[in-house]
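Asks: Listed below, chain by chain, are the residues.
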Amino acid sequence: MGRLPTLVMRATADEGIRRHSQEVYPNESCGALIGCGEMVTEAVALPNTTDEGTRRRFCIQPADYIVAERRASEIDGKLIGFYHSHPDDSACPSQYDLDHAWPTFAYVILAVRGGDPTTLRSWRLREDRSAFDEQRVKLEPQDAIQSKVTSGNFR
Amino acid sequence: MATKILIPTPLRSYTAKQDVVEAEGATVGELLANMTAQYTDLRKHLYNSEGKLRNFVNIYVNDDDIRYLEKEQTPVSSEDTVSIIPSVAGGRKA
Numbered sequence: 000m001g002r003l004p005t006l007v008m009r010a011t012a013d014e015g016i017r018r019h020s021q022e023v024y025p026n027e028s029c030g031a032l033i034g035c036g037e038m039v040t041e042a043v044a045l046p047n048t049t050d051e052g053t054r055r056r057f058c059i060q061p062a063d064y065i066v067a068e069r070r071a072s073e074i075d076g077k078l079i080g081f082y083h084s085h086p087d088d089s090a091c092p093s094q095y096d097l098d099h100a101w102p103t104f105a106y107v108i109l110a111v112r113g114g115d116p117t118t119l120r121s122w123r124l125r126e127d128r129s130a131f132d133e134q135r136v137k138l139e140p141q142d143a144i145q146s147k148v149t150s151g152n153f154r
Numbered sequence: 000m001a002t003k004i005l006i007p008t009p010l011r012s013y014t015a016k017q018d019v020v021e022a023e024g025a026t027v028g029e030l031l032a033n034m035t036a037q038y039t040d041l042r043k044h045l046y047n048s049e050g051k052l053r054n055f056v057n058i059y060v061n062d063d064d065i066r067y068l069e070k071e072q073t074p075v076s077s078e079d080t081v082s083i084i085p086s087v088a089g090g091r092k093a
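So the sequences go chain by chain: A and B. Counting in numbering that gives the first Met the number 0, the first sequence runs from 0 upward without gaps. Counting in numbering that gives the first Met the number 0, the second sequence runs from 0 upward without gaps.
A few of these clues could be false.
[Stated by the list, open to error] Only part of the chain A face toward chain B is listed, based on derived beta-carbon distances under 8 Å:
| # | residue |
| --- | --- |
| 1 | C58 |
| 2 | S72 |
| 3 | D88 |
| 4 | H99 |
| 5 | T103 |
For the record, the hints were derived by calculation from the structure and aren't laboratory data. This one's a predicted model, so the numbers in the text were calculated from it and none came from an experiment. Note that the Cβ used here is the ideal one computed from N, Cα and C, for glycine as well.
Just chain A, with the same shape it has in the complex (with noise of 0.2 Å):
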């Protein structure tokens, strides 16, 4: 299996995570992640709609799923993942994320200990779907190409 690529985030995007997963504890974010390559440019926050329990369960329904794929043709870019927060738990994924991962995306898990956002990591399916790989994430400071945190379709 080769090594997989390094995710780079822009700052604003990792800040808006953050913000948003801290904003909604002891609740699960969720969000979607967009930009080029593996470069994350923005992360758009989108509404968690599972009916199994908000602060251990997160849901994208397709509506929303569609505002992600439509805000990645916008910019000329692409989904590359999704994002969600495990309060007071670890930023690995669990048998729930296992078994509900699409392949290809980045899935970025960010840890909230007490409210407080800590551990961001992100991972990738394997192709036999039989777990999750690593792959490391490399902060990019914001630069001259405008990055934003953007609000998605909230209902």
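Given chain A, put chain B in place with the hints provided.
Replies: The following block gives chain B in isolation, referenced to the frame of chain A:
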């Protein structure tokens, strides 16, 4: 006549990077079976080990979720567009 199927981002690496493919079939079930016969690596991501569509895989005929139509028996024609739209779910350890 073939029906168009829209492929979401995470599955395009299994359809030679195409975001639209075509397949034959009179029902959604036949259409998906013919599509996965052509693009075999799609199968494990769409179906579980029991051969059922995974519950986070949503299939729409035009604007309608097949769960509210006739599920995989929903008829399709060349005039329809079928979309595969992900639900994305997860969460911490229970």
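Asks: Holds or violated: the hint that A:C58 contacts chain B, with Cβ atoms closer than 8 Å.
Replies: Check passed: Cβ of A:C58 comes within 4 Å of chain B, closer than 8 Å.
Asks: Would the hint on A:S72 be counted as holding, given a Cβ-Cβ threshold of 8 Å to chain B?
Replies: Cβ of A:S72 sits 10 Å from chain B, so the hint is violated.
Asks: Double-check A:T103 for me: the hint is only fine if its C-beta lies closer than 8 Å to a C-beta in chain B.
Replies: 5 Å, holds
Asks: Given A:H99 was flagged as interface, is its beta-carbon under 8 Å from a beta-carbon of chain B?
Replies: Nearest chain B Cβ about 4 Å off; hint holds.
Asks: Answer holds if the nearest beta-carbon of chain B is closer than 8 Å to that of A:D88; otherwise answer violated.
Replies: This interface hint holds because 4 Å falls under the 8 Å limit.
The earlier numbered hint that this structure contradicts is number 2, and it is the only one.
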